[in-house]
Each structure stands twice: as C-alpha cells, then as structure tokens.
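2 protein chains.
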Amino acid sequence: MGRIVQKFGGTSVGSVERIQNVAKRIIHEVDAGNEVVVVVSAMGKTTDELVKLATSISHNPSKREMDMLLTTGEQITIALLTMALHQEGYKAQSLTGWQAGIQTEDAFSNARILDIDSKRISDLLKDGHIVVVAGFQGLIPETKDIATLGRGGSDTTAVALAAALNADRCDIYTDVTGVYTTDPRVVNSARKLPSISYDEMLEMANLGAGVLHPRAVEFAKNYSITLEVRSSMSEERGTLVEEEVSMEQNLMVRGLAFEGNITKITVSSVPNEIHALAELFTILASNGINVDIIIQNVLNEEKTNISFSIESNSLSATQEVLAAHQAKLGFESISYEQGLAKVSIVGSGMISNPGVAAKMFKALSDQEIMIKMVSTSEIKVSTVVKQEDMIKSIETLHDVFELDARVPVQNT
Amino acid sequence: MGRIVQKFGGTSVGSVERIQNVAKRIIHEVDAGNEVVVVVSAMGKTTDELVKLATSISHNPSKREMDMLLTTGEQITIALLTMALHQEGYKAQSLTGWQAGIQTEDAFSNARILDIDSKRISDLLKDGHIVVVAGFQGLIPETKDIATLGRGGSDTTAVALAAALNADRCDIYTDVTGVYTTDPRVVNSARKLPSISYDEMLEMANLGAGVLHPRAVEFAKNYSITLEVRSSMSEERGTLVEEEVSMEQNLMVRGLAFEGNITKITVSSVPNEIHALAELFTILASNGINVDIIIQNVLNEEKTNISFSIESNSLSATQEVLAAHQAKLGFESISYEQGLAKVSIVGSGMISNPGVAAKMFKALSDQEIMIKMVSTSEIKVSTVVKQEDMIKSIETLHDVFELDARVPVQNT
Chain A
196 MGRIVQKFGG TSVGSVERIQ NVAKRIIHEV DAGNEVVVVV SAMGKTTDEL VKLATSISHN
256 PSKREMDMLL TTGEQITIAL LTMALHQEGY KAQSLTGWQA GIQTEDAFSN ARILDIDSKR
316 ISDLLKDGHI VVVAGFQGLI PETKDIATLG RGGSDTTAVA LAAALNADRC DIYTDVTGVY
376 TTDPRVVNSA RKLPSISYDE MLEMANLGAG VLHPRAVEFA KNYSITLEVR SSMSEERGTL
436 VEEEVSMEQN LMVRGLAFEG NITKITVSSV PNEIHALAEL FTILASNGIN VDIIIQNVLN
496 EEKTNISFSI ESNSLSATQE VLAAHQAKLG FESISYEQGL AKVSIVGSGM ISNPGVAAKM
556 FKALSDQEIM IKMVSTSEIK VSTVVKQEDM IKSIETLHDV FELDARVPVQ NT
Chain B
196 MGRIVQKFGG TSVGSVERIQ NVAKRIIHEV DAGNEVVVVV SAMGKTTDEL VKLATSISHN
256 PSKREMDMLL TTGEQITIAL LTMALHQEGY KAQSLTGWQA GIQTEDAFSN ARILDIDSKR
316 ISDLLKDGHI VVVAGFQGLI PETKDIATLG RGGSDTTAVA LAAALNADRC DIYTDVTGVY
376 TTDPRVVNSA RKLPSISYDE MLEMANLGAG VLHPRAVEFA KNYSITLEVR SSMSEERGTL
436 VEEEVSMEQN LMVRGLAFEG NITKITVSSV PNEIHALAEL FTILASNGIN VDIIIQNVLN
496 EEKTNISFSI ESNSLSATQE VLAAHQAKLG FESISYEQGL AKVSIVGSGM ISNPGVAAKM
556 FKALSDQEIM IKMVSTSEIK VSTVVKQEDM IKSIETLHDV FELDARVPVQ NT
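Protein sequences appear in the order of chains A and B. Quick note: the first sequence, position 313, residue 508 per the numbering used here, numbers continuous. Quick note: the second sequence, position 203, residue 398 per the numbering used here, numbers continuous.
Chain A on its own, in the form it takes in the complex (with noise of 0.2 Å):
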C-alpha cells in the first residue's frame, strides 16, 4: 500500500463528466490499496471568468481582493469532485488551502508555501477519506488572509503536499499526455520523452513549456519526488520527472522550449556604476516585472548599455516604472522592440558539448533568422528571434538535433 498524490488540472476537471472521470481515476489508486490526496484546480475557464468580472471593476485590482475571488475556483471544484466519490460510494473530504494546513509566506497573488501542517489530512487518510485539496491556495499565518500562489500553483500544492506526507508518487493529470521534444501541436514530428531530469524539466518550463510550473519543478528537486506528468484523458504512460534519467542519460538536446510575445528593452548610457546593474533590475523587481534574458554592453568606462527581455504585456508597467526612476538610475533613453520570441533547446548533455551553441547559430543563420539576443546556462541555450520566425526556428532545430529520432542521439 502506496501513498499518492495526484493533481488534476483545469482542463481534467473541465465539467461534470469529466470530474466524474477524474472520480473514476482516483477510485482506481483507492482499489488498488493506496491512500490519496488529490489537488485539484478550478473548472475550465472559471480563473478566466473571475479574472474578467474583477477587470469589468477595477484595471488594477487589489492582489488580496483578487486572491479571495480566484481561490473560490478550486473550492467550487473540490466540493464538486467530493461529491462525485461519495455518489461512486467512497469516503472523502474536501479542504481548502487554509484547511489543508498551507501556510504560506505574506504575500498575494504570487506566495510561496512556507510549511504545511498535514495533521488534519493525515487524520482523514488514517480515518479512510480520500483527501480532496483546493490547489493554487494557502493561508497566511500571521494575517489570516488567503494567499494564491501564482499560475501554476496547483502543481506546487501537489508537489509540497507529497514532501509533506512523505508520498510515493505524485502523479501530475494534464491535458497532455507527457513531456515532448518541443510542442507538438507546432512541430508534427515532436516525440514524447519517457523520462526528463529535474533540471531539463526547469529549463523546459521556465521557457514556457507550460507543462510543470518551475516552482512545483523545485521543489520535487529540493525533496526528490518523481512526477509522474500524464493525461487525464487517456491511459497511457506519462513522462516520469526525477533525477536519473536512465535511457537517454546522455542525450545533447532532449527538447526545444518557445514562447512568443517578448518584447525586448534597451537602456541606454546608464552610469557605468558597481551598483548600477543592480539597482535597476531590484526596481523592476520589486514592481512585479518579471525580467527574463539581460545582456549589459559596456559602451566606455563611464556608460553602460542594458538590455534585457520582458513580456510584451508588461512593457507599459516596464516604462512607467524606469521612467518614474530615471533621475536616480541615471540613464539617458529607453528603446524597445516588440514582436519578439525566445527559442530554446534544453539538455544536460549539453554540459560537456561546447559546440551545441554554435550548432543551434548556425543552424538558424542558414535560414536567415535573425538573433536578437543570447542566453546560455550550463543545460540551455536560449536565443530571441522576431515572432514570425518563431515556427520556423523551432521546426530547423528539432530536425538539426534529431529530435523526432526514436533512438536516442548520442553526443556528436
């Protein structure tokens, strides 16, 4: 007898039939002797909805105000899918975040869980419930306010809930059947990977694979607990998340990541100053701008150019707040240019291969695409080309690295 969390997404619990699927899905861990706690998300569109009825009031919203209307969401849903295990003759109960136990730092709409406290949900497994959890949601101790934990916090919840309660497994329910090579609604021949390390998966994620929120990603890592990412609709073997990846250990690149709607920002002649750099991104930061690639281009002794990556969306909140702090960053102009994308390839092989970068350059240049911007980590090298590219460079570079091969491709 296991212990197992599963996590099913909105999407998984979309209507009535599908909760009442994902009932079926629990029951069958439940038959097979296992104790579960489930973590849900809300129905669908419903975030969506909510999200519309506050904008329709207020174009900047207050984060506490928006975080006690979105958790309503994942309430609604674990009241829902506890109904529907009674209806199949199953003890369950629902919690929400505040009742499971998930304290989470003081802040809104983006917290981190800080501890859990499992006693209440330990008593249910022992007493024969299935537990059914609202994700996405805690509450923060020293307030007693209720605290979102960002956009995919659900997968978080599930992943925190596991360590917590020292799980088996933690199965992750998507509307996907597992991790691939690249989206596969973009690239036709993207391939499903059987098992992805923790770190390939963070690169994958942070760049948008939209799969496994990077947080939930983390923390498996920090606790080693293997995911398990799979759909709900189907029943077929996901991808397995965890730290030895045995098959393709040595694979250069095990997938393509992309994400469009970038938009990139230039300051120009900012004091060539120790703390400059600094400064600037600790303003962005601490204005909710989430700044991704940064490349600084020292002009001479005393000026600095500073360019680095945002989302489109967010390049009016971006202007207004170097603006707003021009006089203390010290800087001369800002430029920006729209209309951009980030194209990734992901994978650990990639350590000991120096020439992998150059490969993925070259392979773009002869397609006339140009590059924009460069990042590159020890697994991951990222590049910013114009939008309209985007499809393009992926489809190049998933034929270049061989990625629709179904033997793996070793080092080169």
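No wet-lab data here; the hints were simulated from the structure. These figures come from a predicted structure and were not determined experimentally. Check the hints yourself; a few may be wrong.
Identical chains share a label here; the pair holds if one copy fits it or two copies do between them.
Claimed, not checked - Listed below are the simulated DMTMM-like cross-link pairs for lysine to aspartate or glutamate, each with C-alpha atoms no more than 25 Å apart in a straight line:
no. : residue 1 : residue 2
1   : K587      : D243
2   : K314      : D370
3   : K321      : D301
4   : K258      : E212
5   : K314      : E337
6   : K387      : D594
7   : K258      : D322
8   : K321      : D310
9   : K240      : D322
10  : K339      : D301
11  : K416      : E212
12  : K554      : E337
13  : K314      : D301
14  : K286      : E300
15  : K286      : D301
16  : K258      : D561
17  : K554      : D363
18  : K258      : E283
19  : K258      : D487
20  : K339      : E563
21  : K498      : D322
22  : K240      : E212
23  : K314      : D363
24  : K286      : E337
25  : K416      : E300
Assemble the complex: chain A is given as a structure, and chain B must be docked to it using the hints.
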C-alpha cells in the same frame, strides 16, 4: 458618527453595475461620517447555478460539501464589492465568514450562529476600513469546517454582526421598497408599511412574505436592533422593524401573508397515546421535513387522526419517512391533499380583538371559499384554502380589513 451594518441581497449585487451601485450606497454612509460594515449575498443566480452543478453529480450531495460549494458565492461578491470600493478611492477589506469570526454550531446547511469574535472587524473599522463580510456562512470552531446558515442566512449575518458590533442601525437592502400589507405584485392596492413590530414581521416572514428571514428578525428582537428594510434601487425610505410601532400601534390587521404549494397530510388512526404526537413529529423533523400547521382530531379513546401541512415538494419524502415508520407509529393509513395554499392575517392589534378570526372566516365563506385548515396565534390567523382560491382570498381580506386605507384603521 454612527456605526451601521448594511446588508445587500443577491439581486442588489446581481451584476457588476449593481455592485458599483451598491458601492455608492455604502460610500454615501461613509461620507456622512459613519463606520460601515457590509454583508452581502451571492450574486443573483450564482447559488442556483452551484446547486445545479451539485445535483448533476449527486441527488443527495453531502451537506458539508454543499456548504463548501455554496459559500464560494458570497466570497466572490465580497471580493468584487471591495474592489469597487477601492476603485472609488475608499479603504476596504473583504472577510469570509470564518475571517469575520462568525462561529456556528456543529451543523451543516442550516447552522445557527453561536458567537461572533468581532475583533478583526473592529480593528479594521478603527483603521478606517469599510469591512465587507460574506453573509450566510461561518466556521464550526471544533472541526474548522465551513457551515452555512441556511436560507436567508445573510440577513441573520447582518443582524448578528449589528448586535456583536453594537451597531446603531442595520439596513437590509433588498429588491422591494419595504414591507407591504401584502404582496404588491398580487394585490394592486397593497400599501407599504412605515413600520412593523418584530412579532408581526416574524409572522409575516414565517408565512412567506419573503422579505426578511425569520431567524434574523428573532435575532433583531432579542438584541433590540432596529432594522430598516429598503430598496437598493431607490432612495425611498423603507419599513422600520422595531419594538415600538408608534403610528399604527393598535392596527388590528397589519398585513396579509400567503404561500402556495401546500399539501395537507392526514395520518389516520394513530394510537391515542401520550407520546404519539411527539414521536410522529420528531421523526419528521429528524428527516428534515418542515411541518407547518398541525391539527389533531381525536376519534375515540384509542385512536386519533393527525393532519399537518407541508411544502408540496416534501410530499414524497414525507410519504417515505412515514411508511418506513408505520410499524413504530402504529397508524392505519396516510392520505393527502395537494394544491393548497395558506392565507394569513397578521397584526398585533388582534390580541385584544377576539372577533378578527370570525371576520376572516366570514369574509372567505361569503366568497364561497372553503377553509381546509385553521391555525391561530396571538397575532395571526392562518387558513389553508385551495390554491385556486388563494388570490381571491387575499384580495377579499385586503379589502375587508381595509389594508389599502391611507389613514390607519383603528380597532373596530
């Protein structure tokens, strides 16, 4: 500077525009220098939609899970209304039932408020906030489960908060402009009452006037809280519900209440034992069947007939419960008559006027309306008639007791 509790029902917060309108109502009182606590219901049809979701999964959903589900409705409203107040530039914070310190008994779907720890609200008021509280819900302290207060529970929340916070006023905003002599949609000459006593309101509410929940009126009576029932759509003054009804103190009949879809059940030849009556109605109550009028008719020393009225949609449940307990209760047979309605006259002046009931019966019999059951209290006479006679009964009684008169009718 006063302290005011305002309650807005589901229709008053039924859309974004109405929520914005409600915000203006609140601000009006704040600008006048008052501390304001607001209690809101779920938006318009939200509760019905949630109930529909639940019943599509289970015909008999767990009460705990129903409460988990339904309390999201009010949580959505408090967040949106608070955003609307922020948008107008006012400090405001939303609180769920458990955050507002509302503690209920250990019961789901129809829990009573046991206590309110109002510290959090008081602190927020002191800090200059408008406090927006989710109606209809509270926390069971022992189990940390969410419980609802049952139908009309938001009224009770408002009145209980008014008591706990020593509020100067409790304004109940609804979709009608006040309490009428009878339903103005049915009787054209129905007249709005400037005031009504708690007891009269209680009889009106119990009899289906539907404006204020009886539990809320009882609460208001116990704590001597003056309520004003008024419309959120107009500036018109409403109806005061208070102990001293100054202007129309001795009005014999203040209003008419009525309610359709009544079924009369007759349980025949029950053993005429001292515990029989208690046993029968204990069994019905413990199965959640609301019984209204009860008539016992002793046949002989050994047997008695018992008749009672229920809501027609409880008929099959009532039959099942009685059939299951036939051996225990020892009765011979059950019969029922559907398609009935209850019509009642209410007025504290009735206490000293023994002829009122007779006048009512005569007025109905003059119209050839057959009275099926009668029940009386100190300030009320209820009759059960055929559903098809309901409207004619009301019109007749409204006329006979001169309820459309502008000058209050004195004892005659």
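Check: Hints broken by the structure, by number, lowest first?
Finding: Violated: hints 1, 2, 9, 11, 12, 16, 17, 20 and 21.
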